[in-house]
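K.L.:
Protein sequences appear in the order of chains A and B. Take 1 as the starting number for the first sequence in the numbering used here and just add one per residue. Take 1 as the starting number for the second sequence in the numbering used here and just add one per residue.
Hints listed in this document are in silico derivations from the structure and should not be mistaken for laboratory results. Be aware that one or more of the hints could be misleading.
To be verified - Output of the computed footprint for chain A on chain B, the stretches with three or more beta carbons under 8 Å from beta carbons of chain A:
no., stretch
1, 10-20
2, 36-43
3, 123-129
4, 250-259
Said to hold, decoys possible - Partner residues aside, some chain A positions facing chain B, computed with beta carbon under 8 Å:
no., residue
5, Gly39
6, Glu49
7, Val60
8, Asp61
9, Ala62
10, Ile104
11, Phe112
12, Ala154
13, Asn157
14, Val223
15, Tyr232
Unchecked claim - Pairwise CB distance ranges (calculated):
no., chain 1, residue 1, chain 2, residue 2, range
16, B, Ala53, A, Glu65, 37 to 43 Å
17, A, Lys210, B, Pro195, 52 to 58 Å
18, A, Ala236, B, Gln225, 56 to 62 Å
19, A, Gly205, B, Arg198, 53 to 59 Å
20, A, Pro120, B, Pro195, 57 to 63 Å
21, A, Met187, B, Asp212, 52 to 58 Å
22, B, Glu109, A, Glu3, 30 to 36 Å
23, A, Thr214, B, Glu109, 35 to 41 Å
24, B, Pro180, A, Gly126, 51 to 57 Å
Ideal placement from N, C-alpha and C gives every residue a C-beta, glycine not left out.
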Amino acid sequence: MTERVAIVAGGASGLGEAVAHGLAERGDHVLVADIDGEGARRVAKAIGERAQAHEVDIRVDADVERLVEAAGAAGGLHSLVLSAAVETRASVVDCTDDDWQRVIDTNLKGPFLCMRRAIPLMVRSGGGGVVALGSVLGSIVAPQYAAYCASKTALVNLCKQAAIEHAPDGVRVNVVSPSACEAGLFMQVTAMAPDPDAVRRMVAGNTPMKRLGTAADVVNAVVFLTSEQSSYISGAVIPLDGGMAARRS
Amino acid sequence: MPVATDRLLDGRAALITGAASGQGRAASVLFAEQGASICVADINDEGSKETVAMVEAVGGKAVAVHADVSDADDVGAMVDACVDAFGRLDVLYNNAAVQMSGRLVDCTEDQWDVTIGTNLTAVFRTCRAAIPRMLAGDGGSIISTASVLGLIGSEGYAAYGAAKAGLVALTRQIAVEFGPTVRANVIAPGSIDTPRFRKVASEMPDPQGFLDGLAATIPLHRLGQADDVAGIALFLASDLSSYTSGAVIPADGGLAAYR
Chain A
1 MTERVAIVAG GASGLGEAVA HGLAERGDHV LVADIDGEGA RRVAKAIGER
51 AQAHEVDIRV DADVERLVEA AGAAGGLHSL VLSAAVETRA SVVDCTDDDW
101 QRVIDTNLKG PFLCMRRAIP LMVRSGGGGV VALGSVLGSI VAPQYAAYCA
151 SKTALVNLCK QAAIEHAPDG VRVNVVSPSA CEAGLFMQVT AMAPDPDAVR
201 RMVAGNTPMK RLGTAADVVN AVVFLTSEQS SYISGAVIPL DGGMAARRS
Chain B
1 MPVATDRLLD GRAALITGAA SGQGRAASVL FAEQGASICV ADINDEGSKE
51 TVAMVEAVGG KAVAVHADVS DADDVGAMVD ACVDAFGRLD VLYNNAAVQM
101 SGRLVDCTED QWDVTIGTNL TAVFRTCRAA IPRMLAGDGG SIISTASVLG
151 LIGSEGYAAY GAAKAGLVAL TRQIAVEFGP TVRANVIAPG SIDTPRFRKV
201 ASEMPDPQGF LDGLAATIPL HRLGQADDVA GIALFLASDL SSYTSGAVIP
251 ADGGLAAYR
């Protein structure tokens, strides 16, 4: 049997980096794709022979095309993890056109372009699993995150559509929806606060489980959703939020 | 000299995009009957002129402004035109939209960009321009037309569904950020019997069979009419809904009850 192949878009850092390691440990051949090519090479090198690095701007179709062709050359495609994301802190009236476009293009159009190229290859490879990293902010409102919330909510809808459209093809599409994690964007953003630890303690305290999410929480969910254990799950949004979703209707 | 003061939108000014036909036109006339002055914004100048004439025929005031909402300059000019004409902006009704169907793997990058640009980014820009005017005035109400396709997964509406889902999120953001003075709500129409919908139906193998079959699945056993949606828009524009913000109101003949 040939090795299973996975693409991790946004795999050079944060949650994507952890997912790339997790999938490689499972035995996948992992294409670590990131706009930060140096970071992608660093992660691929750390993983070893099961990984290859690709400098890819997922907003650019030609880049995505090259990435998916590389997967085909590596033996097909069975898992696609969409982890690349950016955020901007701005209210609706203060958000610039550039910031809006950067967030919508990276967090929404990028996954569209990736799925459009990758799903046909997954179908030819006998089916597979797509997992997009959404956010708890894709289901609730957070003031000052106008573009980010819109992008993540739209991403959920896009994934549900892809799930329905390709359910008969053996391609499943799901979303994991982390709240603040001890890795990734949350740590970068809170690092800019006057007292980062205080902010992180406060956020953890507001979570029913009284802790932040971990990269391992996300890796475990992605491994599950790209394995046979989840073979009847598609179009789902799995919260990774320490119970926060339970507070909502 | 006593004047009628029992109309719902007396003294208010409303900017309605996509007002040259369909739901935007129906809302223009209904809002005018309730006392609002209307800024009719559309890419279709002929249709806008007709809408202005229909508003005037019910005794209302209206101006037409040529606006392609996907053009950032037009968006600013359209908001300015409303304030220039009527001295205020109380109601913004984001009704203009493009509808493109297509499965995700068949959606071209151009179709994606046009759909996200017109149905999501344009609304963001319009709200960004309009909210400061509302804050400077007596507050306001923003109404945006989303779609049932923005609330559920479906087949064949990749960019459209995503854009409408994003619009719901954007509306909730506005509701929270500007809560004390600006309300923002979404109407989520199901199948509305407009010229565009009729055109889609006419391309089916059995148009009447398609329409009858569709109606049978709707609890109210009929398609929606533009006036059905306009009634909801009037509620959201007026003080009748003064404690409603961030809401998604279905205009779908009861379909949402199934979910």
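K.L.:
Now, for every hint given, state plainly whether the structure supports it.
P.N.:
Hint by hint, here is what the structure shows:
Coverage of a stretch by a chain is defined here by at least three residues with a beta carbon nearer than 8 Å to that chain's beta carbons; for the stretch 10-20 of chain B and chain A the count is 0, and the condition is violated. For the stretch 36-43 of chain B, the stated coverage by chain A is violated: 0 residues have a C-beta nearer than 8 Å to a C-beta of that chain, whereas at least 3 were required. With 4 residues having a beta carbon nearer than 8 Å to a beta carbon of chain A, the stretch 123-129 of chain B meets the requirement of three or more and the stated coverage holds. Only when three residues or more bring their CB closer than 8 Å to a CB of chain A does the claim for the stretch 250-259 of chain B stand; here the count is 0, and the claim is violated.
Interface restraint check: glycine 39(A) against chain B, minimum CB-CB distance 27 Å, threshold 8 Å, status violated. Hint status for glutamate 49(A) relative to chain B: violated, with the closest Cβ pair at about 32 Å, above 8 Å. Annotation: valine 60(A) was flagged as interfacial toward chain B, and the flag is violated, the nearest CB pair being 10 Å apart, outside 8 Å. Satisfaction of the interface hint for aspartate 61(A) is found here, the shortest Cβ-Cβ separation to chain B being roughly 6 Å, below the 8 Å cut-off.
Nearest Cβ of chain B to the Cβ of alanine 62(A): about 11 Å, over the 8 Å cut. The hint is violated. Hint status for isoleucine 104(A) relative to chain B: holds, with the closest Cβ pair at about 7 Å, below 8 Å. Here the hint on phenylalanine 112(A) is kept, as its CB sits about 6 Å from the closest CB of chain B, short of 8 Å. Interface hint at alanine 154(A): satisfied, since its Cβ lies 4 Å from the closest Cβ of chain B, which is below the 8 Å cut-off.
The interface hint given for asparagine 157(A) holds, since its Cβ lies 3 Å from the closest Cβ of chain B, which is under the 8 Å cut-off. Because the smallest distance between the Cβ of valine 223(A) and any Cβ of chain B comes to about 24 Å, over 8 Å, the interface hint for this residue is violated. With 8 Å as the threshold, the beta carbon of tyrosine 232(A) stays out of range of chain B, its nearest partner Cβ sitting at about 16 Å, so the hint is violated. With their beta carbons about 51 Å apart, alanine 53(B) and glutamate 65(A) fall outside the hinted range of 37 to 43 Å.
The hint said 52 to 58 Å for the Cβ distance between lysine 210(A) and proline 195(B), and at roughly 56 Å that hint holds. Between alanine 236(A) and glutamine 225(B) the beta carbon distance is about 36 Å. The supplied range of 56 to 62 Å is therefore violated. A hinted range of 53 to 59 Å holds for the C-beta pair glycine 205(A) and arginine 198(B), which are about 56 Å apart. A hinted range of 57 to 63 Å for the beta carbons of proline 120(A) and proline 195(B) is inconsistent with their spacing of about 36 Å.
Take methionine 187(A) and aspartate 212(B): their Cβ atoms lie about 57 Å apart, and the range 52 to 58 Å holds. The hinted window of 30 to 36 Å between glutamate 109(B) and glutamate 3(A) holds, with their beta carbons roughly 32 Å apart. At about 37 Å, the CB distance of threonine 214(A) to glutamate 109(B) agrees with the hint of 35 to 41 Å. For the hinted restraint 51 to 57 Å between proline 180(B) and glycine 126(A), the CB-CB distance of approximately 56 Å keeps it satisfied.
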